[in-house]
Amino acid sequence: MAQLIVSNSPHLRTEEDIRSIMWTVVMMLIPAGLMGAVVFGWYAAFVTALSVVTAAATEYVCQKVRRIPVTLGDGSAVLAGLLFAYVMPPNMPWYVAVIGASAAILIGKQIFGGLGCNIWNPALVGRAVVGAAYASATFLSKWPIIRNAAASSAGGGWFSDRLAAIKSSFANLAANINVDAVTQASPLYAVKTAAREGFTAHGVEINGNLISNLPPGTTVSDIVHKCDISYMNLFTGHQVGCIGETSAGLLLLGGIILIFLKIVDWRIPFVYILTVAALSWVLPLGECGWFAGDPLFSVLSGGLMIGAFFMATDMVTSPLTPKGKVIFALGCGILTVIIRYYGGYPEGVCYSILLMNTAVPLIDRFCRPKKFGEVKA
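Going by the numbering used here, the letters in the sequence shown line up with residues 1 to 377, in that order.
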């Protein structure tokens, strides 16, 4: 009994801390960012680095002003800046990166009291702020992508063409012009537009292809094929889109590693992705009828992978209990598909997660576990 120690909780401790968790998540995100730099050029890498530096600087200034210890070493500000950049277009103006990353930390985090007190995912708060202030630079109908070997006249192969394009984009960094880029509609925008207008006589032009007079019974998979969208490109990341969300494969790999390390609870990404896949198959899109969707396309395109594995799973802004996590993920999936299919934006991951973040206190309240020994009256 002399060795009995009475102390306050927590009584169970592990070697993990905030610092190790945050930097591990950052490491799992780096491959997707490198793919974005390869596909979109060095300007994408520049605005990513600028976002990270701005987020860290904003955190430092806020903590100095509040006269509290500076905690830049825990990696949370770096992670917020990185995630913000990853869900932004690769040709966003540099000042949009600065404003968005600053808003992510100031409005999304520090205004609530700092790490652990925020109710919304900071990176998505920054995304929402610049989406409202700079809509034309955020929600694009034409996205930049570096020319592939087929579009190049150099004839030097994929790697040499890509390397030359990256060097050229770096040379034009100050002017924010990617001269070796062509513009294309994003996969989600292309399919959504074609499903709504491709059945008419005038049709719609998608990436140089005129899609018109589609016959009744056309499925979303048929439209994906007519838009020249490759599932393999969606998986590897050789496609148009935001800086760090194009490579579904690399994001999936990083997410699986985080689940294996028990940093991420598998329930949220699994239920979120499964819900999007199921509803995308069942619900009608444009003139495509019920049960005519393409679950694989819906899962691989847009920001679903980065949202499901790296944003919806945020420990601070997601529910505490297993049941609550399932409800949270279901809500994210439902809202994502509704916004994608019937909203004004082709993508719905950002706002679906923010809306469900707002509902987390209510979810936790109704999913509160029973006290040990509690008996209903």
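Because the hints were derived from the structure by calculation, they are not lab data. Heads up, some of the hints might be wrong.
Simulated crosslink set (DSSO-like; lysine-lysine; CA at most 27 angstroms straight-line) [claimed, not checked]: (1) Lys262 with Lys371; (2) Lys262 with Lys226; (3) Lys371 with Lys323; (4) Lys226 with Lys323; (5) Lys323 with Lys262.
Please read all numbers here as calculations on a predicted model, not as lab measurements.
Unmet hints by their number, sorted upward, for this structure: 2 and 4
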